[in-house]
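These protein sequence lines are chains A and B, in that order. Each residue of the first sequence is one higher than the one before, counting from 1 in the working numbering. Each residue of the second sequence is one higher than the one before, counting from 1 in the working numbering.
Do not take every clue at face value.
Claimed, not checked - In silico lysine-lysine, DSSO-like type, Cα no more than 30 Å apart, as pairs:
id : chain 1 : residue 1 : chain 2 : residue 2
1  : B       : K83       : A       : K74
2  : B       : K56       : B       : K98
3  : B       : K159      : A       : K11
4  : A       : K11       : B       : K139
5  : A       : K29       : B       : K129
Claimed, not checked - Label pairs and their computed distance ranges (CB to CB):
id : chain 1 : residue 1 : chain 2 : residue 2 : range
6  : B       : D150      : A       : D17       : 52 to 58 Å
7  : B       : E46       : A       : Q65       : 34 to 40 Å
8  : A       : T54       : B       : E28       : 28 to 34 Å
Please keep in mind that the hints were generated in silico from the structure rather than gathered at the bench. Glycine is no exception: its CB is placed at the ideal position from the N, C-alpha and C atoms.
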Amino acid sequence: MEITEFILNFKSQLENDNFELTGETDYVKSDFWDSLTNMVINVMLNDDYNVQLTPEELNQFSSIQELFDYVQSKQ
Amino acid sequence: MNIDRYNIRLQTVEEEDAEDIVRFRTDEKRSRFISATNNDIELQKEWIKKYKEREKNNEEFYFIAIDENGEKFATYRVYNIEKNICEIGSWVSKPEYKNAVNSIKVDILMKEFVFLNLGYQQLRFEVNKGNHSVVKYHKLFKPIIVKESDDNLYFVLEKRNFEENRKRIFNNIK
Numbered sequence: 001m002e003i004t005e006f007i008l009n010f011k012s013q014l015e016n017d018n019f020e021l022t023g024e025t026d027y028v029k030s031d032f033w034d035s036l037t038n039m040v041i042n043v044m045l046n047d048d049y050n051v052q053l054t055p056e057e058l059n060q061f062s063s064i065q066e067l068f069d070y071v072q073s074k075q
Numbered sequence: 001m002n003i004d005r006y007n008i009r010l011q012t013v014e015e016e017d018a019e020d021i022v023r024f025r026t027d028e029k030r031s032r033f034i035s036a037t038n039n040d041i042e043l044q045k046e047w048i049k050k051y052k053e054r055e056k057n058n059e060e061f062y063f064i065a066i067d068e069n070g071e072k073f074a075t076y077r078v079y080n081i082e083k084n085i086c087e088i089g090s091w092v093s094k095p096e097y098k099n100a101v102n103s104i105k106v107d108i109l110m111k112e113f114v115f116l117n118l119g120y121q122q123l124r125f126e127v128n129k130g131n132h133s134v135v136k137y138h139k140l141f142k143p144i145i146v147k148e149s150d151d152n153l154y155f156v157l158e159k160r161n162f163e164e165n166r167k168r169i170f171n172n173i174k
């Protein structure tokens, strides 16, 4: 899996795609991030990558790259 | 009426809840996508007094959610109750409330109330299109968009879809 594919999947989970996402994006500090988006991304991680995190754990990563690396390590 | 599940109590509102309801609904950030609410607490009490008549006739159910610490933190309402469908709305959380999982539990409890307690096979709700995270969250349950206006999306959620997808949500909050 490539990071670009992961970012596309991440972005497709958001209702609003009017912003740019890169590996460096600190999603937790982004305007779009809230508890419901946390849930939506968590369901994506579970459904598509078989990765299960608590909402608090998902809030601990500092970038999409860091989250991607974690997901990769679990594959 | 009380519903106790998942360490949450949903309790039908009383006049004493007027102040909390006004505070939840008039917070600048949280109220952007809900119908405007007057900040007069006495007016809210009057509204609740009339609502209690509708509740008595099983025409409407307006709940305030209380967490495991006794804190009132959200509201949710069932209204437009018809023979085969009813509507849910007024899902608003206390502005400074941090336990996001509890807010999601309230949504699940409310949908369970409609499907299991009231016995409906479907429910409807509308969401402002600008309320992106709420739109996307509701879509996790695979509702159907039955209408769209400039501002809103109108959804119908079937009981079957709710039950099939509820586990996906619970996997992440237990």
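- Query: Which of the listed hints are broken here?
  - Reply: Hints 1, 2, 6 and 7 not satisfied by this model.
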